[in-house]
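Residue numbers (my numbering): 63 to 335.
No wet-lab data here; the hints were simulated from the structure. One thing to keep in mind: the hints can contain errors.
[Stated by the list, open to error] Label-pair restraints from in silico Cβ distances:
| no. | residue 1 | residue 2 | range |
| --- | --- | --- | --- |
| 1 | 120 | 95 | 46 to 52 Å |
| 2 | 261 | 328 | 43 to 49 Å |
| 3 | 70 | 219 | 21 to 27 Å |
| 4 | 68 | 328 | 35 to 41 Å |
| 5 | 73 | 265 | 29 to 35 Å |
| 6 | 169 | 272 | 15 to 21 Å |
| 7 | 120 | 68 | 31 to 37 Å |
| 8 | 109 | 294 | 47 to 53 Å |
[To be verified] Below, computed lysine to any residue pairings styled on SDA-like, alpha-carbon distance capped at 25 Å:
| no. | residue 1 | residue 2 |
| --- | --- | --- |
| 9 | 270 | 112 |
| 10 | 319 | 171 |
| 11 | 290 | 326 |
| 12 | 269 | 220 |
Predicted model only: the values in this text are computed from it and were never measured. Even for Gly, the Cβ is constructed at its ideal location relative to N, Cα and C.
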Amino acid sequence: MGRWGRRPAWLNRELWLELRKKGRVYGLWKKMQATQEDYKDVMRLCREKIRRAKAQLELNLATAVKDNKKCISNKRRTKDNLHPLLQEDARGNIVTKDEEKAEVLNAFFASVFNSKSSHSQGTQPPEVEDRDGEQNEAPITQGEMVSDLLHHLDTHRSMGLDGIHPRVLRELAEVLTKPLSIIYQQSWLTGEVPVEWRLANVTSIHKKGQEKDLGNYRPVSLTSVLGKVMEQIILSAIMRHIQDNQMIRPSQHGFMKGTSYLTNLMSFYGKAT
63 MGRWGRRPAW LNRELWLELR KKGRVYGLWK KMQATQEDYK DVMRLCREKI
113 RRAKAQLELN LATAVKDNKK CISNKRRTKD NLHPLLQEDA RGNIVTKDEE
163 KAEVLNAFFA SVFNSKSSHS QGTQPPEVED RDGEQNEAPI TQGEMVSDLL
213 HHLDTHRSMG LDGIHPRVLR ELAEVLTKPL SIIYQQSWLT GEVPVEWRLA
263 NVTSIHKKGQ EKDLGNYRPV SLTSVLGKVM EQIILSAIMR HIQDNQMIRP
313 SQHGFMKGTS YLTNLMSFYG KAT
């Protein structure tokens, strides 16, 4: 109890003072300056308050799980260290040091990304034609959209390498809306993204199979919250362009807002019967 920073989640200042009072009464009892009944009364009262505090904490966790799923995830027992990894080379060495594991995973993820995402020489991705025949202009980043996205940020999410927490952005949404709208619009017009938005903390998540096999790990990146807001603006503009030009057939239900496999089955069932 000496270090207030390392306290259980249920221990508030009121209970902390009660525990100190219990300790003082115990000392007086040992010095024959208080009766055993006095100590038992204080101990009984302290025990009852601790039980109520723990029950209230569990109730708060149960009611807040819908809004803060990470709170329950953090309670699960996790492993701190990564298992030894099998290096993909001719020797097939096992790496055990943290620095070596990071280098091996980084090289593996980079090789998978380059081989699967890059196009073969002489081939280009298909171009999307505008049915109206007009040149697309960069849409104006509306302040209302930026303000709405900032007000709906999940404050329980982690921040990126820029150190800007989503709670700060949400609380200062009214102040940050205008400057962020200018930055987003300029980024769209120039095609340049701030360096801080392209940096990320990458961690490896084991999915299945043997834990020493590099192919059984998937990278998860933690990027800037401001960059994620920009991604939502771009996604909204792309989806609006696709819908306005009817570039996706009505039979497409996957990855479309308001549709799912259930609506696809219902549509097929209606046509089949």
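Legend entry - Enumerated hints in conflict with the structure, sorted upward: 1, 4, 7, 9, 10, 11
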